[in-house]
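**Student:** Spelled out from the first residue to the last, the chains are:
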Amino acid sequence: MNISVNATVAQSEHANFVGQPVLRREDARMLTGRGRFTDDIQLPGMTYAAVVRSSYGHARIRSIDASRATTMAGVVGVLTEADLAGKVGDIRPNWVVGNSIVPPHRPLASGRVRYLGEPVAFVVANTRAQAVDAVEAIDVDYEPLPVVVDQEAALQPGAPQLHDNVPGNLIGVFTLGGGDYAAAAASADRLVKVRLVNQRLIPNPMEPRAVCAYYDELEERLTIYMPSQVPHMSKRWLAETLGWPEHRLHLIAPDIGGGFGCKMHFYPEEILCAYAARHFGRPVRWTETRSESYQATTHGRAHVEYVEAAVKNDGQVLGIKLRSVANLGAYLSNMGTGIPTINTASYATGTYHIPSLDAEVRLVTTNTTPVDAYRGAGRPEGAYIIERTMDAVANALGIDPLELRRRNLIRADQFPYIPYGHPVFVWDSGDYHRCLDAAAEQIGYAKWRSQQSELRAQGRHVGVAITCYMELVGMGMSPMLKEHGFDRGGWESAQLRVHSDGNVTLFSGSMSQGHGHATSYAQIVGDVLQLPMDHIDVVQGDTDRVPAGHGTFNSRSMPVGGSAAFTAANKILAKATQIAAAMLQVKADAVTYKTGNFWITGRPEQRVSFAQVARMAYVASNLPTGMQAGLDEIVCYEPQEMPASYGMHAAVVEVDKDTGEVKILDYVGIDDVGNLINPLLCEGQMHGGLAQGIGQALYEGAEYDDTGQLVTGSLLDYTFPKSDQIPRVRVGFQVTPAPNNPLGVKGIGEAGCVAAPPVIVSAVCDALSSFGITHIDMPLTPPKVWRAIRDAQRVR
Amino acid sequence: MLLVHFLREQAGLTGTHIGCDTSQCGACTVRLDGATVKSCTVLAVQADGHAVTTIEGLADPARLTPLQQAFHERHALQCGFCTAGMIFAAQALLDYVPNPTEAQVRHALHGNLCRCTGYQNIVDAVLLAAKLQQTEDMRVVEAT
Chain H
1 MNISVNATVA QSEHANFVGQ PVLRREDARM LTGRGRFTDD IQLPGMTYAA VVRSSYGHAR
61 IRSIDASRAT TMAGVVGVLT EADLAGKVGD IRPNWVVGNS IVPPHRPLAS GRVRYLGEPV
121 AFVVANTRAQ AVDAVEAIDV DYEPLPVVVD QEAALQPGAP QLHDNVPGNL IGVFTLGGGD
181 YAAAAASADR LVKVRLVNQR LIPNPMEPRA VCAYYDELEE RLTIYMPSQV PHMSKRWLAE
241 TLGWPEHRLH LIAPDIGGGF GCKMHFYPEE ILCAYAARHF GRPVRWTETR SESYQATTHG
301 RAHVEYVEAA VKNDGQVLGI KLRSVANLGA YLSNMGTGIP TINTASYATG TYHIPSLDAE
361 VRLVTTNTTP VDAYRGAGRP EGAYIIERTM DAVANALGID PLELRRRNLI RADQFPYIPY
421 GHPVFVWDSG DYHRCLDAAA EQIGYAKWRS QQSELRAQGR HVGVAITCYM ELVGMGMSPM
481 LKEHGFDRGG WESAQLRVHS DGNVTLFSGS MSQGHGHATS YAQIVGDVLQ LPMDHIDVVQ
541 GDTDRVPAGH GTFNSRSMPV GGSAAFTAAN KILAKATQIA AAMLQVKADA VTYKTGNFWI
601 TGRPEQRVSF AQVARMAYVA SNLPTGMQAG LDEIVCYEPQ EMPASYGMHA AVVEVDKDTG
661 EVKILDYVGI DDVGNLINPL LCEGQMHGGL AQGIGQALYE GAEYDDTGQL VTGSLLDYTF
721 PKSDQIPRVR VGFQVTPAPN NPLGVKGIGE AGCVAAPPVI VSAVCDALSS FGITHIDMPL
781 TPPKVWRAIR DAQRVR
Chain D
1 MLLVHFLREQ AGLTGTHIGC DTSQCGACTV RLDGATVKSC TVLAVQADGH AVTTIEGLAD
61 PARLTPLQQA FHERHALQCG FCTAGMIFAA QALLDYVPNP TEAQVRHALH GNLCRCTGYQ
121 NIVDAVLLAA KLQQTEDMRV VEAT
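Heads up: the sequence lines are chains H and D, in that order.
Read in the working numbering, the first sequence has 711 at position 711, and its numbers run on one by one without any break.
Read in the working numbering, the second sequence has 134 at position 134, and its numbers run on one by one without any break.
The following block holds chain D by itself, in its conformation from the complex (with noise of 0.2 Å):
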């Protein structure tokens, strides 16, 4: 059993979706300790005793992250169903380059189709991210 179909049908996370089945799609990209995966291309049996993390549990919906701030103010989604995997795959460039150009963030989400969008305001959001993140961070460093 494929980690997608424990999380979707075991589990009843139906957040993470499922687009494709040749792991072209990344609807499914979910977070498995520091990594993000294709949850697709990962084994149930092997997330056994790891940390994964899915779009139901990044946020108190409540308090959206920067990220789904930025999706949201910039109109980064249209039908939604690749929204998940996206922010997966944003955030983990954003946690590695904080500051990204727009080549960078296009070449981050490679991996993550979209039909909707044509991509630019994702692009645009996860710039607009970063800049929410680090002023954000920097309330974080002013407060300690």
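Next up, chain H with everything else stripped away, as it sits in the complex (with noise of 0.2 Å):
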């Protein structure tokens, strides 16, 4: 099960580079301390930036009184909501489901604040320190305001209303779903239900967020480096919401220590850092703490949700119907009307043959900070949804929870398969019983199972669980995702030049956050062009040299990214074919091309390298009639499916009856990503990602008391997974090619995440077993689980 290191593939030379473990390119510079991140950028005159953040949940601001902050030594200047009024437009969300209400968000508070941490003011001076100590001269004063954090309480008659647009606190209410549950219940023999919280999560990438802006007067142009996960999507929106000309704007993103979704939203921080650039004539950086960050940046999942299904005694699941109650902060992130809507809902019936789904998410607005996307982005909850309720029906019926889930499993034959019904979704392709034999095989489902009752016995509380999920990734198609309320495409670009002595850019619009773009993207046109990846190299992250792009996000670079750069490759090595049959004088179908030399088909001594080719094309002194000069092709990807990933994991964990502390005793996971580029990476993305869903599972979870503090406020708070915390995981593929895109490839980068809590979750849940206990909230640690062993040692 484990990826071979040792077969190292030389760049070098030429190879089949792709489904290789090629080791990554991105490491040298990162090894010895040569990575450059935003705050590592220095430029003359810089200035620094603080930001004065709401110390109360929710308060009315009577007045802010700055002037002793801008008389101290070393203030530059400072920013409050009087000064942009006019100028700087609103923060749009980007995804706007349904018809959910959007309140006015201004990038420092307008008269009143509406979360702990939102921006009031912004302090720019000539150094961090200057900055700092001149955000604690700045008097705001606040008459508080009732708070309310928890978005059930606030949709309860009386609750603290937060935006004068949105009766109720609600945002909306949305609907999704198909086939005729009402039917499917009337004919089921149990409904079974449960209530599940997904909680609150910090998403924590290790480099915080971080804006550099400078303008230069000269050229009246606006440039701005942070480390966005869609750089030209930042672009668009700073430039809307500025007012400036795009053409004047250049955005560059430079290494991002990590991104997890939350580095793709539009923060108020961007813009005045933009803003104040300008209206200071300096440059301004400005860098988040780690402390701040819990306040300043996105947090994760915060649902409730209310989840029925409808059963047969034989185990047949013929229906779900979720009410869920989502929270999403202050005011609406980029995506956040999105993610518990069709992120979640969707994929409430899972990997099973389910024909009826009733979905109903109610939105809600609170004195949190705005919840958005955090890796998995939906499909953690949807997976946790479907997952903890076929736990729950098979406990109801007395089933083994894994022969239930083979007796629902959509089978191999059923592909495409259309979900309840649904107008538009498709899951692709598949194989999902023999990826859950394997798992269970792996994780020696029977052994466990028999073993159990002898353990307990022994006093050792052991329990098993295979959980299974499925995801659609890479994210498309343009007219889809405008009919489900974006204002965005679906495409991805790669322009790929051929420089004039063979050696190749690709221009990519995703961006990489770690992900190692530059060595995957390589292998894969180091294959159509048969160079040596060394002959490759990849950009990103530059709105000036990257002609256009989305990003990365949903698992989308190597689906969509990747087979762009795949057709841009192509379309290259078309094009230099005919520019070689002209050089050899004859017709281009009898032209052979392999590594590096196209030969007349049979006369391999008649040749012309890569290199010539390349050459000639912008010489341009033979080409074929017509044909324009250069070797330069833009492709902008436009999926025609989105893939479905999907996978079984199984856990076996051990819990201390007497700490209620969980110990994951083995951990196996079998995903199918469709085709994998590169295994190496994809194993470190899998690992990456069960340890954040581990993480969600047993210790993770951003915490708000009544008044609006948040409690879990630094990292001396929050935990996520130390090296010790985290166990050994087994990690192996099974392989469908996608049947829609060139590369076969579905995407990988959220899958752990999605796929580990339920099954921690269940596991734990099986080794309580004999105490009654069914269901714990997440995050499983030790003294909640000890208290849910109390409670049902009492009620015995």
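What you were told as hints is all true, and nothing was included just to trick you.
Covered stretches of chain H, going by a simulated chain D footprint (3 or more residues, C-beta under 8 Å):
{"id": "1", "segment": "24-33"}
{"id": "2", "segment": "203-217"}
{"id": "3", "segment": "248-261"}
{"id": "4", "segment": "679-692"}
{"id": "5", "segment": "712-723"}
Source of the hints: derived by calculation from the structure; they are not laboratory data.
Cβ coordinates follow ideal geometry from the N, Cα and C atoms, glycine included.
Got two chains here, each in a separate frame; can you build the complex from them with the hints?
**Tutor:** Structure (structure tokens):
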């Protein structure tokens, strides 16, 4: 099950790169401290910004007095809403589902703050220390208002109201489904009900957010460095909000220290740095501290779900009814309305043939940091909904949970599968049963199950579980996105430029945040052009160099960006072949190309090299009639379908009943993400996703108190897994090539994060089944598990 | 002024990173004389007159240390933000425990957070480096 890394592929030679565990070309600079992150950038005359943030969860601003701060040594200036009103637009979300109401959101609070940490004023000074000191000298007079942080409480009559245009704090009600759930419920033998909490998480990329902006007065151009997962969209949003022409806005995303979704949204500090750089005529840099990040950067998840399954006594699940209440925070972040609705509810039937779904999601605003896409972005919630429900069904019917899953899985001959009769969604391909069997075999399900009672007799509480997930990845397609409320396209760009010496640069609109795109894209292009990878450079994250793009999210870089690169490389090869044919004085179909040389088929001595062809493309003295000079192609690849990745994950855990501590004894994931471009990097993505998923299951959870203070306000209080809190995981792949993209790839970036939470919770509940425990809400921290055991024993 | 601020802002050595404000993450780990320290827990003035080694000074970029090489070969880094700190923390272990167990490696890295890798490949890289280092030590012994 382990990827062999001994067989390293030489990037300086011709090889078949796709499918090989090629070592990363990104590593060298990171290993020697030569990475370049936004906070590393130093510009002449640099100033530093710090943000005055609301210390209340909800308050009216009576006054802001910056007079002391503006006279302090080194302070360049202070911005408040009074400076921005009429000059800078609102922060607009980019995905608004259904009839969701968009409350006004200003970059700096306008008269009222609605969450702890909401920006109130922006200070610019000559040093970082001076800026931080000046923040302390700005007097904001607040009149505290009643606070509501819980989404269900916010819907109650008499709850504090956040926005004038959002009555009852209800942003919108979204329904989704198909089939006839009422009929399913009527014909069911039983209705099985569960309530689930998918707790609020803090994404925590190791590099906090940062922005560095400067304005070139002579050229009248704004340059902004920031770790954006979506450089071209960030540029567009900034230009629109600032009212600044896009052709004079240059956005550079340098190295990004992890993103996990939270670096693809649109934040006040980005607007403020850009505005301040022009306003004060000095470069401005802002970097959030970790604790500041916990208030200022979007959170994830935060749903409560009520699920009802209509089932037959033989275990057949006829339908799912979902009523969920999602906490969107104080304002609509970029994709906030889409995550709990389309990205979650669509997956409420998971990997199963369940003919009906009746889902209704209420979207609620509360006095908390805005909630948006975080790795998995709705699919972890969806998988958790159906998998916890399947366990409840198994429990209610007395069927082994593995057997129940086997009976309900979509069969291989049912693909392409249309879930619950939905008009648009298609699960493209797979073999779920084979995957489930592989996971069961690898974990030794039968063995653990048979040993369980014996272990219990010894006082050991060991549980075993297997759960399933599937997710649509590779976000497109532009018209469908529009239909679902997006204000963005679904294609990705690849510009492939062959230089006159035959070396190649790929300009990609996607954006690595540590994924290793420079390696995997070079593998793809290297294979098509049959050139050593060393001849191919990959450029991302510079809107002046990369012509267009969307970025990296929704596990889309290989299926969409990779398909773009593949298509562009094939166009290059087609044109190069025509040029070679002209040079060899034959027709293009009489030319053979291999490992950097074109020759007349059957006469290998009559050859021209790829480099000679590239040179001819620019010298242009012997091009086919009508052909334009140059060897440079741009492709905006529009996917035809979103591929469906899936996997079956298995875990064995042991619970210490005296301390509540959970120990993972074994973990197996078998995933089908289509063809693997680079198995080594795929394995790395899975490891990282699993760590975040296990983090959600066992450790993580952001907590507010009733006054709107963030109790988990720093890394002291918010736990994400450390090296000794994560088990060794065993990852394996089965491959069903995606049928509708040229590489046959699906996506992997988020899979581990989707898969892990339900299987860990399921295994822990299995371990505690003798206490009558069927469910504990995440995170399963020792105190929580201990209390559940104590309460169960009391009941007895 | 903290040592990490001095390194990044005065000395221009930006290979040492800041990932938190509570001394949890270890991204700023460096070597101070013989000791391995989080440079956010040391004042710059305390380092006056002492030898500080950062990731930039650990090795000639053209000739990586066994640990750096092992990180590359085992895909032990993704975004690279925690990597410098990880390298110093792991090297400190290998200096004292040349042939550690997996549990010892996991314990030794407890003070260094990574959000990308799930640690498994980092642990494997440290175990590989232990082997590489022993081979190298043996070569040195044989040569002398």
